[in-house]
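Position chain B relative to chain A; hints supplied.
Chains as they are written, first to last, in numbering that gives the first Met the number 0: chain A, 0 to 310; chain B, 0 to 366.
These aren't lab readings, by the way, just hints derived from the structure by calculation. Backbone N, C-alpha and C fix where the C-beta goes; we use that ideal spot for every residue, glycine too. It is possible that some hints are incorrect.
Stated by the list, open to error - Cut-off 25 Å, straight-line C-alpha distance, at most; resulting in silico cross-link-like pairs (BS3-like, lysine-lysine):
| hint | chain 1 | residue 1 | chain 2 | residue 2 |
| --- | --- | --- | --- | --- |
| 1 | B | LYS112 | B | LYS95 |
| 2 | B | LYS95 | A | LYS93 |
| 3 | A | LYS18 | B | LYS280 |
| 4 | B | LYS280 | A | LYS93 |
| 5 | B | LYS95 | B | LYS105 |
| 6 | A | LYS197 | A | LYS93 |
| 7 | A | LYS125 | B | LYS203 |
| 8 | A | LYS125 | A | LYS93 |
Stated by the list, open to error - Computed footprint of chain A on chain B; a stretch qualifies when at least three of its residues, placed anywhere within it, have a C-beta under 8 Å from a C-beta of chain A:
| hint | stretch |
| --- | --- |
| 9 | 18-27 |
| 10 | 33-46 |
| 11 | 210-219 |
| 12 | 315-325 |
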Amino acid sequence: MIVTAAIQCRDLRKTYDGKVEAVRGLSLEIQPGECFGLLGPNGAGKTTTIEILEGLLQPTSGEVSIFGYNWRENERQMREWLGISLQETRLSEKLTVRETIHLFASFYREPRSSDEVLEELQLTEKADSWVGKLSGGQRQRLAVATALVCNPKILFLDEPTTGLDPQSRRQLWDIIRGFQRNGGTILLTTHYMDEAEKLCDRLAIVDHGQIIAEGSPSDLIERLGGHHVVEFAVGGSDGAELQAWQALPGVESVRESDGLFSLHVKEAHLTIPALLDAIRKQGKALQHLTTRQASLEDVFVRLTGRHLREE
Amino acid sequence: MSTTQEVANMKEAPHKPAEHNGRWAGYWHLLGARMRELQREPEVVFWVFVFPLLLAAGLGIAFREKPHDASSIAVVDGAREAANLLQRSPQHDSFKVQTLDEEAAKQGFRLGKYDLVIEPAGDGGFQYRYDPARPESVLARSEADNAIQTASGRKDVVATTTVTSSEPGSRYIDFLIPGLLGMNLMNSGMWGIGFALVDMRQRKLLKRFVGTPMRRGDFLLALLSSRLVLMLIEIGLLLTLGVLAFHMKVLGSLFAILLWGCVGALAFGGIGLLTASRAQKIESVSGLMNLVMMPMWIFSGVFFSYERFPAIIQPAIKALPLTALNDALRASILQGTPIWQQWQRLLVLGLWGGVSFLLALKWFRWT
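Bound conformation, chain A alone:
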């Protein structure tokens, strides 16, 4: 039996005003029950992509299907399945939390109980407060609550934790995991690599409107980041030693920025002694040395030469 993908799109393109190419040929397939992340810097085209998938934006070209249905013919039916949290929605400040949830629930044929959702998102205490009085984290939870109250099969979250404090972020992560445990499918965008790493089963790294890498977080790190990163600085460096470092055992790639070298290595215990030897032979002094686990940030840097959160 052929598995119907929860979300599928082929060769999506979106050009604004005939010139700005926000999305340039993007294809995805997300399976039911998966938590899938679009990771990329600001302006990479993540929001445009997710809004096309949500049926809120018309693609310039390309196909989208949700559980095998397309937006042109089945919009009303498909809307019943989707819970959406946009990047930036300011809900009416003069309504209470409960009134807001009731309002959104009223749009769906078979919504969940509002009280249950409030309980789940830890908003019960705030149920009768005006939205205008909520903290940033509470507002974001309310935004997710308006998506969950419809009892969705797929949850779309655009930058769900941007601007939140660490505790609020973890709270939201728990909520997202809970939804997935109950069998829900999630598509989220983020520019936080730790968020992508912790939450997502699979990721697509997006840059300039295209997917430049796709896979599970650990798979991506293994394939593209090296397992470990060794960072060091040497005195009297003239920046021309890259070749020498590249030749060390177990080194997959070398980068240099501001006098700091980063080696992406498979096995640090082989590389580090050789590195120390090489520095001694060159008659230079080691000024700084750290090693750490490779992260998605390293994958991104490796792929694009830029940092995720570069301004």
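Just chain B now, kept in the frame of chain A:
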């Protein structure tokens, strides 16, 4: 990888539905939410309800019917006899006379302190200096001349008598209240719909709403309905003020007045919708709305009759929706003219509202 088992599960939503919403659940919740929001917004309560009342009360008091002020007349020293004649005339109560030199008299007249200057004329008669553009000056000239002639012994040829009449219905406040009602329906229709929509668009709330199965027509309907509810309150308050405080006589049926209120609220709701159909920012829609409303504030006979404008632009003035609404409200309230005798006005309002609404639906931008 997912198995077929998991896919089968996914066709079921994760939770059991708590309730089943009927066809109109969304509409009623949208209307309820809108009304609650309005009620919790003190500015709305002020501008929609209190402000028109204050305006009506203020203008009603300022222009209340009162006996005509005594005319203020300057008599130049050389025409002292005129002052004596005025004092001796039967109408001497209607004049405040001052005798002074020519320079001071002319200066005072220029500044509007005197309505009329009486100067000596060569042959022992008098010369009236007056300004034909100032009604009070014209009146003073004619009254003073009448008084001087009578006091000098003129005999009237035809016997005439007078009675006074200032019945409710012909006073300024009677003219004003229907006009304010019309203007208020325009203002709150345009702002209540247009401003609210652009605000929601700017806040991305419209986009969030269309991300749900909400029926878009229901949303607009709820917005218009909220206007109708406010309209009922607005009309009730202003008419009550007119009747209680100014003893206005409402000749038309309440039903007819409310019907005109509905037509007006919907027509301006449509125009508001069109004005706000594409604007992304509050600032741009504010300018646009003032542009749309400005001609009607001036031409549509809110504070004074549009008959004052040249005849050549009268047809254009009558084609404005606020003119039609004001005329219809005045005719219904003050004269009790039935609706079917005012079908042209209904047509004007219907066309404005209907065409605007259709264009708005075509151009409306939800995101």
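Evaluation of the provided hints:
no. : hint                : result
1   : LYS112/B - LYS95/B  : 11 Å, holds
2   : LYS95/B - LYS93/A   : 60 Å, violated
3   : LYS18/A - LYS280/B  : 24 Å, holds
4   : LYS280/B - LYS93/A  : 20 Å, holds
5   : LYS95/B - LYS105/B  : 16 Å, holds
6   : LYS197/A - LYS93/A  : 36 Å, violated
7   : LYS125/A - LYS203/B : 23 Å, holds
8   : LYS125/A - LYS93/A  : 14 Å, holds
9   : 18-27               : holds (count 6)
10  : 33-46               : holds (count 4)
11  : 210-219             : holds (count 4)
12  : 315-325             : violated (count 0)
Hint compliance for this structure: hints 2, 6 and 12 are not met, and every other hint is.
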